[in-house]
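Taking the working numbering, the leading residue of the sequence shown gets 17, the next gets one more, and so forth.
A hint or two may mislead.
Claimed, not checked - Here are the simulated lysine-lysine pairs, PhoX-like style, with alpha carbons at most 25 angstroms apart:
id: 1; residue 1: K46; residue 2: K120
id: 2; residue 1: K127; residue 2: K162
id: 3; residue 1: K50; residue 2: K112
id: 4; residue 1: K74; residue 2: K173
id: 5; residue 1: K58; residue 2: K133
id: 6; residue 1: K80; residue 2: K50
id: 7; residue 1: K127; residue 2: K80
id: 8; residue 1: K80; residue 2: K133
id: 9; residue 1: K120; residue 2: K162
id: 10; residue 1: K133; residue 2: K74
id: 11; residue 1: K162; residue 2: K133
id: 12; residue 1: K50; residue 2: K120
id: 13; residue 1: K46; residue 2: K58
id: 14; residue 1: K112; residue 2: K173
id: 15; residue 1: K133; residue 2: K112
id: 16; residue 1: K46; residue 2: K112
id: 17; residue 1: K173; residue 2: K162
id: 18; residue 1: K180; residue 2: K58
If you're looking for bench data, these hints aren't it; they were derived computationally from the structure.
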Amino acid sequence: MAVNAGFIYILTHPSDQYLIKVGMTTRSPKVRLKEHNTQFDKAAGEVVEATGQEWVLKEYFEVKDTYNAESAFFQRSPLTEIPGALGNELLKLDDKYITWEWVKEGLDAAKTIGIRKDTSQPPTPKPKPKKGAQWIEAQLEGTGLKPINGCGNGITKVAFECQKGHIFKISGRLLVNRPFCPACNPEKFDAYTLRRVEFC
Numbered sequence: 017m018a019v020n021a022g023f024i025y026i027l028t029h030p031s032d033q034y035l036i037k038v039g040m041t042t043r044s045p046k047v048r049l050k051e052h053n054t055q056f057d058k059a060a061g062e063v064v065e066a067t068g069q070e071w072v073l074k075e076y077f078e079v080k081d082t083y084n085a086e087s088a089f090f091q092r093s094p095l096t097e098i099p100g101a102l103g104n105e106l107l108k109l110d111d112k113y114i115t116w117e118w119v120k121e122g123l124d125a126a127k128t129i130g131i132r133k134d135t136s137q138p139p140t141p142k143p144k145p146k147k148g149a150q151w152i153e154a155q156l157e158g159t160g161l162k163p164i165n166g167c168g169n170g171i172t173k174v175a176f177e178c179q180k181g182h183i184f185k186i187s188g189r190l191l192v193n194r195p196f197c198p199a200c201n202p203e204k205f206d207a208y209t210l211r212r213v214e215f216c
């Protein structure tokens, strides 16, 4: 597999201070930013289309081997434990699991990793997430909570319905941590999580 120099970049979105996108490119990060803001069939473009606000290039760094840098970034993070986190590289920061601290650690690892020693063999692929939509559904079984259109990737908000008919949007991962309806049992949620719930 060829070694390609390029950039690792972080995008932020003005609609949500906790929403970021981590990406890797062999082209200019500004060119990729324009693509993310106009490709409405991709995850980043869907956010632009839904909010009417464009992604902002927060920072980017030159790397010698894009694949090696991306692998170093994700290996330094807890993302392999989070459902679907490696799928579209849209990340939802929080104060406990996905923090700016590990994002910075991942960036430091990506910047210093260098070039793969043996480029004749294909590099080891990124590990698959250990927990996905099926895992979320299994965890919610018997709680009376059901997803309306699937559990998503576990990070983005999706609609759930309780037995009393309350419909609300929350990330699957947060709901697994607190498997209760926020309308029926608001006392089961901390204030931070309740602020992130959207009632429909």
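Each hint tested on the structure:
1. Between K46 and K120, the direct Cα distance comes to roughly 21 angstroms. Compliance with the 25 angstroms bound is thereby established for this hinted pair.
2. Of the pairs offered as hints, the one joining K127 and K162 is violated, with about 42 angstroms between alpha carbons and a cut-off of 25 angstroms exceeded.
3. Restraint check for K50 and K112: the C-alpha separation of about 31 angstroms exceeds 25 angstroms, so the hint is violated.
4. The straight-line distance between the Cα atoms of K74 and K173 is roughly 23 angstroms, inside the 25 angstroms bound, and the hint therefore holds.
5. Restraint check for K58 and K133: not satisfied, since their Cα atoms lie roughly 33 angstroms apart, outside the 25 angstroms limit.
6. Our distance criterion of 25 angstroms between C-alpha atoms is met by K80 and K50, whose separation comes to about 23 angstroms.
7. Distance check on the hinted pair: K127 and K80 sit about 8 angstroms apart at the alpha-carbon level, within 25 angstroms; holds.
8. Pair hint K80 plus K133 holds up; C-alpha atoms about 12 angstroms apart against a cutoff of 25 angstroms.
9. Using a Cα cut-off of 25 angstroms, the hinted pair K120 and K162 is violated, with the two alpha carbons roughly 36 angstroms apart.
10. A threshold of 25 angstroms between alpha carbons decides the hint, and for K133 with K74 the separation of about 31 angstroms lies outside it, so the pair is violated.
11. Annotation: proposed proximity of K162 to K133 is violated, straight-line Cα distance about 48 angstroms (limit 25 angstroms).
12. With a C-alpha separation of about 24 angstroms, the suggested pairing of K50 with K120 holds against the 25 angstroms cut-off.
13. As the CA atoms of K46 and K58 are separated by approximately 17 angstroms, the hinted pair is consistent with the 25 angstroms bound.
14. Proximity of K112 to K173 is assessed by CA-CA distance (about 18 angstroms); at most 25 angstroms being required, the pair is judged to hold.
15. Restraint check for K133 and K112: not satisfied, since their Cα atoms lie roughly 35 angstroms apart, outside the 25 angstroms limit.
16. Using a Cα cut-off of 25 angstroms, the hinted pair K46 and K112 is violated, with the two alpha carbons roughly 31 angstroms apart.
17. Under the criterion of a C-alpha separation no larger than 25 angstroms, the hint pairing K173 with K162 is consistent with the structure, at around 14 angstroms.
18. Our distance criterion of 25 angstroms between C-alpha atoms is broken by K180 and K58, whose separation comes to about 35 angstroms.
Hint compliance for this structure: hints 2, 3, 5, 9, 10, 11, 15, 16, 18 are broken, all remaining hints hold.
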